[in-house]
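Take the sequences, apply the hints, and build the full model.
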Amino acid sequence: MLKLAFGAIGIVFGDIGTSPLYAFRETFAGHHKLALDSAHIMGVISLMFWSMMIVVTVKYVIIIMRADNKGEGGSLALLALVSGKTKTRRWSKGIILLGVFATALFYGDSMITPAVSVLSAVEGLAVAAPSFAGLVLPIVIAILIALFWVQKSGTARIGMVFGPIMLVYFSVIAVLGILSIIQTPGVLWAFSPHYAVEFFLIDPTRAFLALGSVVLAVTGAEALYADMGHFGRRPIGISWLFFVLPALILNYMGQGALLFRDGQAALVSPFY
Numbered sequence: 003m004l005k006l007a008f009g010a011i012g013i014v015f016g017d018i019g020t021s022p023l024y025a026f027r028e029t030f031a032g033h034h035k036l037a038l039d040s041a042h043i044m045g046v047i048s049l050m051f052w053s054m055m056i057v058v059t060v061k062y063v064i065i066i067m068r069a070d071n072k073g074e075g076g077s078l079a080l081l082a083l084v085s086g087k088t089k090t091r092r093w094s095k096g097i098i099l100l101g102v103f104a105t106a107l108f109y110g111d112s113m114i115t116p117a118v119s120v121l122s123a124v125e126g127l128a129v130a131a132p133s134f135a136g137l138v139l140p141i142v143i144a145i146l147i148a149l150f151w152v153q154k155s156g157t158a159r160i161g162m163v164f165g166p167i168m169l170v171y172f173s174v175i176a177v178l179g180i181l182s183i184i185q186t187p188g189v190l191w192a193f194s195p196h197y198a199v200e201f202f203l204i205d206p207t208r209a210f211l212a213l214g215s216v217v218l219a220v221t222g223a224e225a226l227y228a229d230m231g232h233f234g235r236r237p238i239g240i241s242w243l244f245f246v247l248p249a250l251i252l253n254y255m256g257q258g259a260l261l262f263r264d265g266q267a268a269l270v271s272p273f274y
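For the sequence shown, the working numbering assigns the number 3 to the initial residue and increments by one for each residue that follows.
Keep in mind the hints are simulated off the structure, nothing from the lab.
In this text, all values refer to a predicted model and were calculated from it rather than measured experimentally.
Beta carbons are placed, not taken as given, at the ideal position from N, Cα and C, and that holds for glycine.
Be aware that one or more of the hints could be misleading.
Unchecked claim - Quick list of in silico lysine-lysine cross-link-like pairs, DSSO-like style, CA-CA up to 27 Å:
#, residue 1, residue 2
1, K154, K5
2, K95, K72
3, K95, K61
4, K72, K154
5, K72, K5
6, K95, K5
7, K72, K61
Said to hold, decoys possible - Per label pair, the in silico range of CB-to-CB distance:
#, residue 1, residue 2, range
8, L190, A144, 20 to 30 Å
9, V199, M3, 32 to 42 Å
10, G265, L4, 34 to 44 Å
11, M3, L139, 33 to 43 Å
12, L203, K5, 40 to 50 Å
13, A128, V152, 19 to 29 Å
14, V270, L139, 16 to 26 Å
15, L190, L38, 10 to 20 Å
16, K72, F134, 45 to 55 Å
17, L78, Q185, 45 to 55 Å
18, S40, V270, 14 to 24 Å
19, T105, I145, 45 to 55 Å
20, F134, S173, 17 to 27 Å
So this is what it looks like as structure tokens:
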């Protein structure tokens with residue numbers, strides 16, 4: 003069980019795990035330009051926390067991952083499972099179209115996310131050493147080619163390689179989040195959903211637009227269901243609930259605490 007949970011950390015959570023690189027920054031620095039005051043910062047943190055709880059924990063871990071097709075998950079597995087239960091041909095056609103549409107969305111996400119995640123990660127070099135700015139794009143291309151090249155080895159081998167890497171990554175972002183929260187502990191009040199509601203009451207238009215960036219915090223959630231055939235429901239659920247989710251929450255709150263302290267100066271790259 004623990005071995006499978008360890009492998010899941012290296013494969014299943016690579017997408018949603020890299021969201022802290024850009025999700026918080028884009029929510030404030032996007033086209034909607036949120037004010038860096040308490041109502042907006044606490045509102046965004048609360049929205050991100052409850053989005054992860056409702057979409058990932060409740061929707062996927064508790065509900066959807068129970069709908070497996072002989073242990074397999076994903077849009078096509080769900081399509082095959084539901085298609086066998088329909089009695090009329092008309093309903094079958096509609097369900098097939100929905101399944102194909104869901105699969106198309108998954109493929110689109112699979113094409114966009116690696117480029118965005120790797121680019122956001124490598125951009126950290128330019129933050130640490132501006133002279134590396136011109137090398138960011140070539141490095142990103144080289145990493146993407148290498149990642150797709152090694153995938154032919156199978157998920158078991160990739161999981162054993164990337165498992166330790168992602169374990170260290172999640173541990174580091176959790177520790178960094180804790181260090182920031184210690185300096186501004188008031189950010190922990192964002193666990194209360196009333197801050198998310200208050201955000202919509204105070205600034206409804208920008209709050210609605212901000213949802214387009216807040217949703218970045220849960221991109222990759224579908225991988226929990228899609229990769230269920232590789233690792234199983236329980237190992238993925240254990241990894242999420244007891245390791246990945248706490249690390250992400252701590253980091254998002256740490257970034258929010260940083261904005262409280264440094265304001266606009268931190269918005270350039272709150273993760274780094």
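Results for each hint:
A hinted pair counts as satisfied when its Cα atoms are at most 27 Å apart, and K154 with K5 qualifies at roughly 21 Å. Taking the CA atoms of K95 and K72, the gap is about 23 Å. The hint holds against a cut of 27 Å. Restraint check for K95 and K61: the C-alpha separation of about 25 Å stays at or below 27 Å, so the hint holds. Between K72 and K154 the CA atoms are separated by roughly 24 Å; this keeps the pair inside 27 Å, and the hint holds.
For the suggested pair K72 and K5, the alpha carbons sit about 21 Å apart, so the restraint of at most 27 Å is met. With a C-alpha separation of about 41 Å, the suggested pairing of K95 with K5 is violated against the 27 Å cut-off. At roughly 20 Å between alpha-carbon atoms, K72 and K61 fall within 27 Å of each other, so this suggested pair holds. At roughly 40 Å, the beta-carbon separation of L190 and A144 lies outside the given 20 to 30 Å, and the hint is violated.
V199 and M3 have their C-beta atoms about 39 Å apart, which keeps the hinted 32 to 42 Å range intact. Between G265 and L4 the beta carbon distance is about 43 Å. The supplied range of 34 to 44 Å therefore holds. As the Cβ distance of M3 to L139 is approximately 41 Å, the hint placing it in 33 to 43 Å holds. Range check, L203 to K5: Cβ separation about 48 Å, and the 40 to 50 Å hint holds.
Roughly 26 Å separates the CB atoms of A128 and V152, a value that falls within the hinted 19 to 29 Å. Here the CB-CB span from V270 to L139 is close to 19 Å, well matched to the stated 16 to 26 Å. A hinted range of 10 to 20 Å for the beta carbons of L190 and L38 is consistent with their spacing of about 19 Å. Checking the proposed 45 to 55 Å range against K72 and F134 shows it holds: the Cβ atoms sit about 48 Å from each other.
The beta-carbon spacing between L78 and Q185, approximately 47 Å, falls within the hinted interval of 45 to 55 Å. Checked against the hint of 14 to 24 Å, the pair S40 and V270 passes, with Cβ atoms roughly 21 Å apart. The beta-carbon spacing between T105 and I145, approximately 26 Å, falls outside the hinted interval of 45 to 55 Å. Range check, F134 to S173: about 25 Å between beta-carbon atoms, so the 17 to 27 Å window is met.
Checked against the numbered hints above, the structure breaks hints 6, 8 and 19 and satisfies the rest.
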